[in-house]
Amino acid sequence: MKLLLHHWLQRWRMPEMRLLLLALTVSVTVVTAVGFFTSRVENAMQAQARQLLGGDLVLSSARPLDDAYLQRGQQLGLETAQTISFPSMAASGDKLQLSQLKAVSSAYPLRGELKTAAAPDAPEQASTGQLPARGEIWAEARLFAELGVKAGEQVQLGRSTFKLARVLTQEPDRSSNLFQLAPVVLMNLDDLPATELLSPASRARFNQLFAGEEKLVKQLQQELELKLKPTERIRTLEEDLSSVQQTLQRSGRFLGLATLLSVVLAGAAVVLTSSSLMRRELPAVAVLKAMGMSRRQVLRDHAFSLLLTALLAALAGVALGFVLQFGLAEWLSQFVGKDLPAPSSAPALSGLLTAIILLLGFALPQLLRLVNTSPMQILQGTLQRPRQSVWLVVACLLLAVFGLLWLQSRDLQLAGMLFAGLLAGIGLFWLLAKAFLRLTQVVGRKLHSRWIPSLGRSRRAVLLVVVFATGLFSLLLLTTVRTDLLNRWQETLPPDAPDNFLINIQPAEVKPLEAFLAGHGVKTHLYPMVRGRLVEINGQPVQPEDYENQRAQRLLEREFNLSSFAEFPSSNALLEGKWFKQGETGFSIEKGIGETLSFGMGDKLTFDIAGQRLSDTVTSVREVRWDSMQPNFFVIAAPGSLGDMPSTHITSIHLGEKKAIVTDMIRQFPSVTVIDVAAIVAQVRSLVEQASMAVQGIFVFTLIAGVVVLIAALQSQKAERRREIAILKSLGAGRAELRRRIWGEFLLLGALAGVLAGLLALTAGNLFGYYLFDLDMKLDLMPLLVGGVVGSLLVGVAGFWNLRGLLNVLPMSLLKA
Amino acid sequence: MNNTAIQTDNLVKTIPQAGRDLQILRGVSLSIDSGESVAITGTSGSGKSTLLGLLAGLDLPTSGAVQLFGQHLDGLDEDQRATMRLGKVGFVFQSFHLLENLTALENVMLPLELSTALPPHPGLPPQGGKEQIAREVLQQVGLGERLSHFPNQLSGGEQQRVALARAFVTRPQILFADEPTGNLDRTTGHEIIDLLFALQEKFHTTLVLVTHDDTLAARCQKHYRLEEGMLA
Chain A
1 MKLLLHHWLQ RWRMPEMRLL LLALTVSVTV VTAVGFFTSR VENAMQAQAR QLLGGDLVLS
61 SARPLDDAYL QRGQQLGLET AQTISFPSMA ASGDKLQLSQ LKAVSSAYPL RGELKTAAAP
121 DAPEQASTGQ LPARGEIWAE ARLFAELGVK AGEQVQLGRS TFKLARVLTQ EPDRSSNLFQ
181 LAPVVLMNLD DLPATELLSP ASRARFNQLF AGEEKLVKQL QQELELKLKP TERIRTLEED
241 LSSVQQTLQR SGRFLGLATL LSVVLAGAAV VLTSSSLMRR ELPAVAVLKA MGMSRRQVLR
301 DHAFSLLLTA LLAALAGVAL GFVLQFGLAE WLSQFVGKDL PAPSSAPALS GLLTAIILLL
361 GFALPQLLRL VNTSPMQILQ GTLQRPRQSV WLVVACLLLA VFGLLWLQSR DLQLAGMLFA
421 GLLAGIGLFW LLAKAFLRLT QVVGRKLHSR WIPSLGRSRR AVLLVVVFAT GLFSLLLLTT
481 VRTDLLNRWQ ETLPPDAPDN FLINIQPAEV KPLEAFLAGH GVKTHLYPMV RGRLVEINGQ
541 PVQPEDYENQ RAQRLLEREF NLSSFAEFPS SNALLEGKWF KQGETGFSIE KGIGETLSFG
601 MGDKLTFDIA GQRLSDTVTS VREVRWDSMQ PNFFVIAAPG SLGDMPSTHI TSIHLGEKKA
661 IVTDMIRQFP SVTVIDVAAI VAQVRSLVEQ ASMAVQGIFV FTLIAGVVVL IAALQSQKAE
721 RRREIAILKS LGAGRAELRR RIWGEFLLLG ALAGVLAGLL ALTAGNLFGY YLFDLDMKLD
781 LMPLLVGGVV GSLLVGVAGF WNLRGLLNVL PMSLLKA
Chain B
1 MNNTAIQTDN LVKTIPQAGR DLQILRGVSL SIDSGESVAI TGTSGSGKST LLGLLAGLDL
61 PTSGAVQLFG QHLDGLDEDQ RATMRLGKVG FVFQSFHLLE NLTALENVML PLELSTALPP
121 HPGLPPQGGK EQIAREVLQQ VGLGERLSHF PNQLSGGEQQ RVALARAFVT RPQILFADEP
181 TGNLDRTTGH EIIDLLFALQ EKFHTTLVLV THDDTLAARC QKHYRLEEGM LA
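As they're listed, the protein sequences go chains A and B. Numbering follows this note's numbering, in which position 725 of the first sequence is assigned residue number 725; successive positions increment by one, without gaps. Numbering follows this note's numbering, in which position 192 of the second sequence is assigned residue number 192; successive positions increment by one, without gaps.
Please note that the accuracy of each hint is not assured.
[As the list claims (entries may be wrong)] Some chain B residues judged to face chain A by a derived CB distance under 10 Å, without partners named:
#1 G53
#2 L58
#3 F91
#4 G129
#5 R166
[As the list claims (entries may be wrong)] Just some of the chain A residues that point at chain B, by a computed CB distance under 7 Å:
#6 L3
#7 L4
#8 A290
#9 M293
#10 M376
These aren't lab readings, by the way, just hints derived from the structure by calculation. C-beta: ideal position from N, C-alpha, C; glycine also.
Generate the whole structure from the sequences, applying the supplied hints.
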């Protein structure tokens, strides 16, 4: 043991050993810093998203829920709360207003917080742990305006009279009630029976909220799923397909992507370093074996050195990563907030695992080849790498790369895609690099250049181009392509995204409302909307119990929105069939609903719309972006086919600074309900911004990893370069000539690597955007240009800086070394 | 006691080259006694280094047998052969092959670190450690002042002295030397050879020396000459 430690310490004199530690440390630092930080951001995002749900798990039903569920939750040690919401009229004097009554139990909300104000124009305050007292209600400002009451005045609800105590400005689970018709009135659950409002005929929604340890919540969810009645459903973060959740998923993918690239870069550095470490150790091992060292001793000696190095790197990396993530969180605090939750310990483990995988897959197999070094080589004077186990090395390498991709992405499909992309990319780089170098050889000869033709022949040049191109590819993907992707992604939520939904617009109000909005400079398009229940598919009656899928059952239980218009909705994409031409009939369906309920092109659907039947054939399938903040419909009928069906209209508008017109609008169009989604839009935007800032923070680490790869690549060829320069000097090459050669070589190689990297980054970015983020393909030559210039400068400067020391040494001493 | 250190019987070594078998050694039989100094000479490519490797058990013959310390090498795997060499066999190479990242002292200590038992060392206190032994041997080769120098800070002659110290530090029974003066100038070469023979005599080591220098070969007690893979 002491001896192994002694040898390990002796190896520190080799720059490769230090570089290996650096590469491993950087990779562990990247993984853990990113891991710790993203775990904190993800925890924060999850908490934020949970706020939107009001709890970690929500059980929801149109009928009263069994108390046994609540008791089970309490038994498991979870926090619980109940809410009951239903529309009800609120009265003050002779004025009446439809309101959404929400009676809540004392623990509400379990996640997120209520915000209130003393008066409609007073500043907002968080009401931590507070709820309306018995006999009091809180209501949205709109109710104050509609009823013409001030804070502290009386409001009648059913058989009870309440003091309207405060203005409700924010409730956590509001976004799930996007299409809420009326201002929310919050009351104490204990006051509800006295109002006598709740009857079996009330269109009430009963919710039980649970929150607590993730494991326990999951356990409860599993138990509940077995017991649920058809009318009851569970809403969790995973199941809630809200726009916020979609945003969350995208953020997670971006963050994962950024980590993967850093890890792959660090892996490249480890491969290069360990391969040059092996080259340096080769004569030593041959001599030691000649002296009588056994294969087992060689193996033990080197395995110990490597594992100890990996352990050190892991410790240093985890510690550094932990410290750095504080800096990262601090730097991004204005975007992610100052009070990020604590990170989980998992990233430390994956940091250690990363170091071990890097070592096992990338470094150890190369050094294991040393074990098979023949001591005869020392006599024959031909020190070559043992070749027999090259396939093992390659297999280990591939396995390790895939393992790392999987470890980081936790997504087999994504890992597979990235793995295939990486292999194809490197193969492509290799071929293109060879072709380009062959071309430079031809051009160089024509120009009578003394060094370009020799550059073109060099295998080392191909390796350098491939390595640099891989590094630059990652950097480019994270800079130009990332920026481009993010911009395109953010463009899907432009600043003028609708911030208000207007619903319940009566047919007679359509024209005057359009005129009113146009008069205030607000663009709009009103869509007719009818509520219908799907009753038949191809003439066969359909029932919720025909489906096992909960979503399908839910869709058949309730009515959903149908519309009818001539212009294809801009936020949709046509997947199959054709959009209606004039005079045509048919239905255009949303892809998801068709998949859930098993119908598609050519199927005949029948809806029951307020007692009238509407039948037609599916003539097109659309993909809908639910987070577009535009009115979207599962089913759109051909223009005119809704005929005289009872309909209202719906639209979404961007008001921004023109919010003041709402009061006027409500006065002129009393039946129109305005849903303010500005808060939701702001929330989605802030999540997007958090995600993009996090990716930018991670980019810094990727840059460091890229530089380490560059140094490792140069270091791995230093011995060869030293000999080469010595020979050139002995042949009479001057320092100026050598300097020119080095600059020329690295500038050219860097430019080639950069252009290739740009090409692949552009392709990969487009593929990612298209398949993972639903973005359109786009040809932008910027990455090629940026890649060429940056690659040339970066590689040129780094190459010259790394080799400049060799220019000062005398050729004799170089030959001796 | 068997006085034979190395014995070979009809050694043949063939290597595949360009799709054909190239015969490097074609039936070499020889015998080397303990404490004897033996020179193997021949032109370049005559198979000298290959023979040396086979004698030391670094490689196995295609056919024929080698006995080292009375033990047959065929049938032993690489590690068993390595264990046989441990502490009993020393090497000196043409291009020194010192470990670049170790000092002169550390290079000499290496073989001691590999073998568990310390060699008998008269005049040294029993608790005297490996470092003490290594220092002493380095002093014997005249490098007492160069202990902490790295190979690239030493001249060629000095590097070969370190290699000699490394070879003798375990008091090996046999020393294999492969063109030990090949990379040195004439004067330095003479010095190294004088030192080599002095140490050999002092420790009663069997010396197997590969060289193409006939004057050097003449200093050995026995002389084998290889021509096209056969003893002339």
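- Would you list, in rising numerical order, the hints stated earlier that this structure does not obey? 4 and 7
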